[in-house]
Structure formats: structure tokens, C-alpha cells
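Given chain A's structure and the hints, the job is docking chain B onto it.
Here the protein sequences line up with chains A and B, keeping their order. Per UniProt numbering: the first sequence = residues 1 to 432. Per UniProt numbering: the second sequence = residues 1 to 432.
FYI, nobody ran anything at the bench for these hints, they're computed from the structure. In this text, all values refer to a predicted model and were calculated from it rather than measured experimentally. Accuracy of the hints is not assured; some may be wrong.
Just so you know, same-sequence chains aren't split out, so a pair can sit in one copy or run between any two.
25 Å max Cα-Cα, derived BS3-like pairs, lysine-lysine [as the list claims (entries may be wrong)]: (1) LYS428 <-> LYS30; (2) LYS149 <-> LYS92; (3) LYS42 <-> LYS30; (4) LYS428 <-> LYS244.
2 protein chains.
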Amino acid sequence: MQVLLTTQSDFQTIFNRLLATRAMDTSAVKQPVTEILENIRKNGDTALCDYTKRFDRLDITPQKLRITDEEIQAACKQIPVELMDALDIAAKRIKSFHEKQLPSNLHYEDESGFELGYRWLPMDSAGLYVPGGTAAYPSSVLMNAIPAKVAGVKRLAMCVPTPDGQLNPLVLAAAHKAGITEIYRIGGAQAVAALAYGTQTIAPVDYIVGPGNAYVAEAKRQVYGLVGIDSVAGPSEVVVVADKNNNPTHIALDLLAQSEHDKMAQSIFITNNQDFADQVIQAVNEQLDILARKEIAQSSWDQHGAVIIVQSWDEAATIVNQIAPEHLELMVEETNTLFEDVRHAGAIFIGKWCPEAIGDYVGGPNHVLPTSGAARFSSGLSIFDFMKRTTFLKSNEKGIQNVGPAAVAIANTEGLTAHALSISQRLKSLGK
Amino acid sequence: MQVLLTTQSDFQTIFNRLLATRAMDTSAVKQPVTEILENIRKNGDTALCDYTKRFDRLDITPQKLRITDEEIQAACKQIPVELMDALDIAAKRIKSFHEKQLPSNLHYEDESGFELGYRWLPMDSAGLYVPGGTAAYPSSVLMNAIPAKVAGVKRLAMCVPTPDGQLNPLVLAAAHKAGITEIYRIGGAQAVAALAYGTQTIAPVDYIVGPGNAYVAEAKRQVYGLVGIDSVAGPSEVVVVADKNNNPTHIALDLLAQSEHDKMAQSIFITNNQDFADQVIQAVNEQLDILARKEIAQSSWDQHGAVIIVQSWDEAATIVNQIAPEHLELMVEETNTLFEDVRHAGAIFIGKWCPEAIGDYVGGPNHVLPTSGAARFSSGLSIFDFMKRTTFLKSNEKGIQNVGPAAVAIANTEGLTAHALSISQRLKSLGK
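Looking at chain A on its own, in the form it has when it is part of the complex:
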């Protein structure tokens, strides 16, 4: 962990270095992923079962790739009722927030003789990748599946690896809550390939969402274009901006909530008070000891953590905008000004009673957010990811007579004769 003062002469250099290493580097797996994709594309289910045997130690026939309704029901029965209730609360709040995003169609006539606008429609199908092992999060299933459902996507196919054949009941229960019925016990690049190209038993989808390791990320990158993808997610990040009127332990836990995700995760604390910074640093060290994932959190905090002492909240906003963090917590009295000044952040959590973990589970807004500074140009997952717009244009005789000649002029300049003629011949038949 580094402590930086914006007043130190080498601040910008060190700060830039801090941000430089944030992207997920998948170049090492490019070649193996290309091979896996090619193999699935050519050999379908056979290759899929081969990889599942090799990587997940699960010897399986194509007929058994799909997890049965009975298995899903059995999984749900294993989950304590309090936890099912908690998933319910989460699902309801996520659904409610995403329903408010449903966009309006546009349809108007203009004075030139045109009717025009656009229509939003859901895509037909989407695939949801869910990682296995320690990163198998039921909350992630809800966050990825519910927007698709709200958007109106008819078919949602989920893939989750089951190493050694072990099903994860929580993930299946969350899928059940989200209304997913088509689930395959496959993972890795081979699962992404199956979703993108289809196999004999798995129909291809139009769009693939969900987090994964470097293989999954690289596979999504490589199939992008043939299908849509949500984003290539990097390590998780949080920036916490807080003044001294906060409980240092709360701040410390918020920082560690990012750090415990991944050794590559980054937690940055920004404050205007050196004494308070010291208290938070001490609290981090104390709280680290009681974490189940202490080793991961410690490594993340040591390698990528930072505390930045600013001279003003204006300066904090500038730094936040340079970081364009995935998550931003604002716990300062002048929250409103700071909120207005932040242009680039995936999600903002405001006030001392709104730790980012609330947003991870039950806030309502999506927890799939742009990482590694991608908040400069992209947004968190939403129903927009699962919808597309078709524009339309309708002209009457007056319309083409009004603007056709301008189009002909430009078309001729561009050397596109048929473009020009397709308009001028119509004008001619209208007697113009």
C-alpha cells in the first residue's frame, strides 16, 4: 500500500504508475483459446465433452450436459429459507430498478415529408457464463440474468462448470430465482465457444454475458462480432472518498471488501486529513486479520492499495475522474458538489450508510460495472445490453422531392452512381 500526497512533487508519476497495471492481460492464453474455439466450432459436443473431462475431471455424454430440472429443484431444497428470502429481496430490488430503464420508442413526422424513429426490441437469446469454484457467486447470477429477463429476452442459457461433477446449489438456486431453466455443466473457453457457435445439443445465442477467468475473457473477446458480449472485465476496484467524520473501521472494511475479491483488486482511499488516513490504515491492518480471505485481501492491499491525501474535494474529483473507478463511495459532507464533479465512475455509493457491499447484493443497480478505467466510455450492465434499436424512415412523394436532390448531389460526389440513380429515377417518375 502506498500513501501519496498530492503535494509531493512526483505525485503524478507515481499515481500514473498505480493505474497502469489495471487491465486484465489475456495475451498468454490467446493461442490456447483460439484452439479451443476452433475445436468446438468443428467438433461440437464431442470436443465439449473432451474438454469437460480434461479440465473439470467430469466424464460426461452430450445427453448429460444439461442440468436437469430435478437437480435444480434438489439444489433449491438444500438452501436455508433465510438465504432464499435474502435472494428474493435481492431479486426484487434488482428487477424493480431495471424495469425503470425500459426505453421508449420514437416515432414522429417531420415537415419535410418523412415519418421516422426507432423501435427497441430485446434480442432473442443470451448466454450467461457463471464461473465455478471460489468465484461462483449467486449474486452475479441475479445481476446478469434479471436485466435480460426484464428486457424481454426469451431464451437465456447458462453455463457453469462443475469441477469433479460438484454442483453449486447456491448458483442453481439463484438461477431458479432468476427464472433460468436452461443450464449446462460446462465452463471455460469451451463453454463460451458452445454458446457462440452452438453444438449439436446447445443452440447458439446472440449475446454472452458474465465474468470469468483469463480464458473466458479471451474467448469472449475472440467471439465478439459473431455474438455480442457485455465487456471484458478486469479486476475489481473501489475508490472511497471520506472526510474525518466517519468511522475508520467502516472505511477500512469498505476498502477490504474490494481487496478480498482478488489479489489484482485495487482499493484506493482518498481523504483530506492525514490523521484520519492514519486511523483508517491502522483499522485496515486490524480488520485484515479477521477475514476469511485474509491472504488475498492482504496481497491486494499491499500491492495495489493506496491512500491519497488531497488538499480539496475539487482535487479529489480530478483524481477520481482520472481513475474512472468501477465503484466510488462518497462519504463527505459536501457530497452533492463532489457527486456533480465526478464524470467517470461505474457506480457511486453515497453517504455513510451505503457501503458498496449493499450495491453488490441488494441495492438494485447492477453490480456488473466497467473496470480498469472503462467507465470513461462505458456503463454497467443494464437492460440496454439486451436490447437493440432498429431505426426506420418512411418517405412520401414530398419527402423524396424535398431532400432527394441533396442526396443525389452527395452520392454523385462520392462516385456512387446507383445510389444517385435510385433517387433520381424516382424523382423522374414523379415528373421532376
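Chain B alone, transformed into the frame defined by chain A:
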């Protein structure tokens, strides 16, 4: 060109084959593009000038990379006033349509103790790639730049190669109309790299849009993630659906307007009347002869063109949805039903007075559209490409008390202790 009847037994097989070759294959240029990107990232302006000398035969210093205001002004003066007026009409209609897309922010309180919503903001900067040579289209400059301007993007940097140092006055005039002042005389993968990584003279951008050859497409694909990109565009396509109450020459010209773009372009005509189909095919052959780009159009029509005879408009809709065409023209009496049944298309042009070429230039909706079936999951360029959403969540004491326990339950299940503690410690300090 193939004539297909939906009644023939091998229809689906041949139809599938027709669609299979549509994507732009950039695999052959993957390695050279990777090298160019790496070289620009490491060596900046020096490498940029080297490539410009090698590929565009233009020996240039970094100080001369930017096209001067004087050069832009001089270009505008070369353009006939009628053409400047035509560009004006186009620019105004494009601006007017895109202004209607400006999305609303969301901000509400819920009964559980939360304020939540999202805020749309433009990205800070965008780069616009404009191809050189025969594919240098002023209309494309307007279609790419105006949505960025309407979205509120402050900085727009354009790159256009100038082979042998030749400026394209039309492209510069269109850029001037669109309000672009920062223009560099560079092209290819090296221009994409300069926009993505920045060099000593070119500041990096957040997002890159614009069409290009395989090198440009592959470069955009490789920098995706570090910056945003619009899409990796493939060859242009049109599907024209028309009944016999149309002028066969008009239909033929509409088909050829796609074919003349590119040998890889695809034009498909769908009708329910064999005689009318024959008339259109004959008209295509007649009109081909008078086109400036006859050779290209002929090759495209011969290799990729198709005429499909359907039994009903329902069947036409099914076929259109399988194609998910970039452009769709509907010229049938029952337009409304067909329009409703089409779920996947980039842009729809309705009625006999609305050839697609109107939309290419002066319709208003964007002409940058999803190709190769990507309309299944993506949309044409719009101001949404240049904006992003930041969600926010604010809780009071009641909020965390209401839903905090559910979040703690899920966090503990996921083994994320710090997540759970960041909430439970706050609940504790509230006396819960």
C-alpha cells in the same frame, strides 16, 4: 446471383450457405497489426511518421501531422456551393434526429430508505477514423461526428490518410460542417494506435469510431477494452422486400446501390411474384452497364446477390429475421404487418419513395449500422455510443437496516467476510 424458392427442398441449406460468408475475416492481418500497435505504443510519433512514409508515401515530421485550419478553409473553398448546401441539409437532418435520442436521467426514492438512479454523461473525447482513397465518404464523416457532438463530447479527433500527401477536400469540408477542428493526416492501424495510446503530439481518446479496411478493423478489435469502439463493421448488406406494384428499375437500382459499395457487399431481393422477380433481374443487368463502379457491383451481385421467391409475407419476415440485415427496404402494401414482424434489422426504409440511399445521406437516422447479422444483438451508431451511465445509490439509516441483513446473509454465503462486516458493523453502530 442465385434465385431461390422457399418451396425448393434444399432451400434452407443454400440459404444458410449464402449467409455464412458475411463476416470480415481479419485473421490474416492479426500479426502485422499487433506489431504496428506495439511500435506506436513504444515509439509514438517516430513510428507514426515512419509508417506514414511507408504506407502513404508521405515524408512528414510530427509537427506536420495535424492538418491546419488554413488547409481546412482552403478545402471548403474548393467545394461547389450546391454541394456545401447538400451537406448542410444532411447535417441538419442528422442533428435533428440524433437530438431526439438524448436520454433522461433517473432519480427516485423508494419506500425502503434509498435514493437511487443513474446519470448519463458524454465521454470526454472520441476519435473518428475516416478511410482514404475511394472509400473516403463525406457522408460518413457527418454520420460519425454529429452524434458525438450532439452527445456533448468535448474533444473529437479525426484521422484520415492522405496518400502521396493528397488531401480530400470533401472529407475536410464535411469535417468542418460537423465542427471538427482536430484532424491528423494519418491512417491504417497506426492511426488507430495513435488514437488509443496517444503519442507526443496526439492525446489519446476514450472511444474510436469509423469504418476502415481489415487493418483498421483488426486494430480497433485489438485496442478494444483500453478504449471503446463502435463495432467491427463487415461488408454492407441490403434486403429489399417488394411486391409487383413497384417499378422494377427502382428495385434494381436499390439492389445495385449496395452492390456498388464493395465486392463483398450483399444484395438480396425478396418477392412473392416470379414474373416480377424476372423483371427486376433483367433491370439489374441493364442498369449495371451504366454504373461508374460497374465491375465492383457486378462482382458483388454475381457472387453474393440473391433473389428469393416466398409464398407469403410471413415467410419473408422469417427470412429477414434470419438474415438480420443491415438495411431493409419494405415496399409491399401490407407494410405495417411486415414491419411489426421484423425483429432484427439495422434500419428499415418504408415505401416506394424511400430508397435506402436517402438514408445514407439525408434521412436523419444514422447510416453506421450493424452488419453480418449483428442486428440480432446490436444497434446503429447513436448518441448512446458517446454517452455512459453512472448509477448511484444513497441510503439512510432505515435503508441499511431494511435490506442490510439480506446482503450480509448472501455475502457470508459467498465467503466474503469484509463485504458482510462492512454492513454488519454499521448495523451494530446503529444499535442493531
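Structure-based check of each hint:
1. For a Cα distance limit of 25 Å, the shortest separation of LYS428 from LYS30 qualifies neither inside one copy, at 56 Å, nor across copies, at 48 Å.
2. In this assembly of identical chains, the alpha carbons of LYS149 and LYS92 lie at most 25 Å apart only when taken from the same copy (12 Å versus 38 Å across copies).
3. Within a single copy, LYS42 and LYS30 get their C-alpha atoms as close as 18 Å, and across copies as close as 22 Å, so both meet the 25 Å cut-off.
4. In this homomeric assembly, LYS428 and LYS244 come within 25 Å of each other (Cα to Cα) only across copies, at 20 Å, whereas the closest approach inside a single copy is 76 Å.
Of the numbered hints stated above, the single one contradicted by the structure is hint 1.
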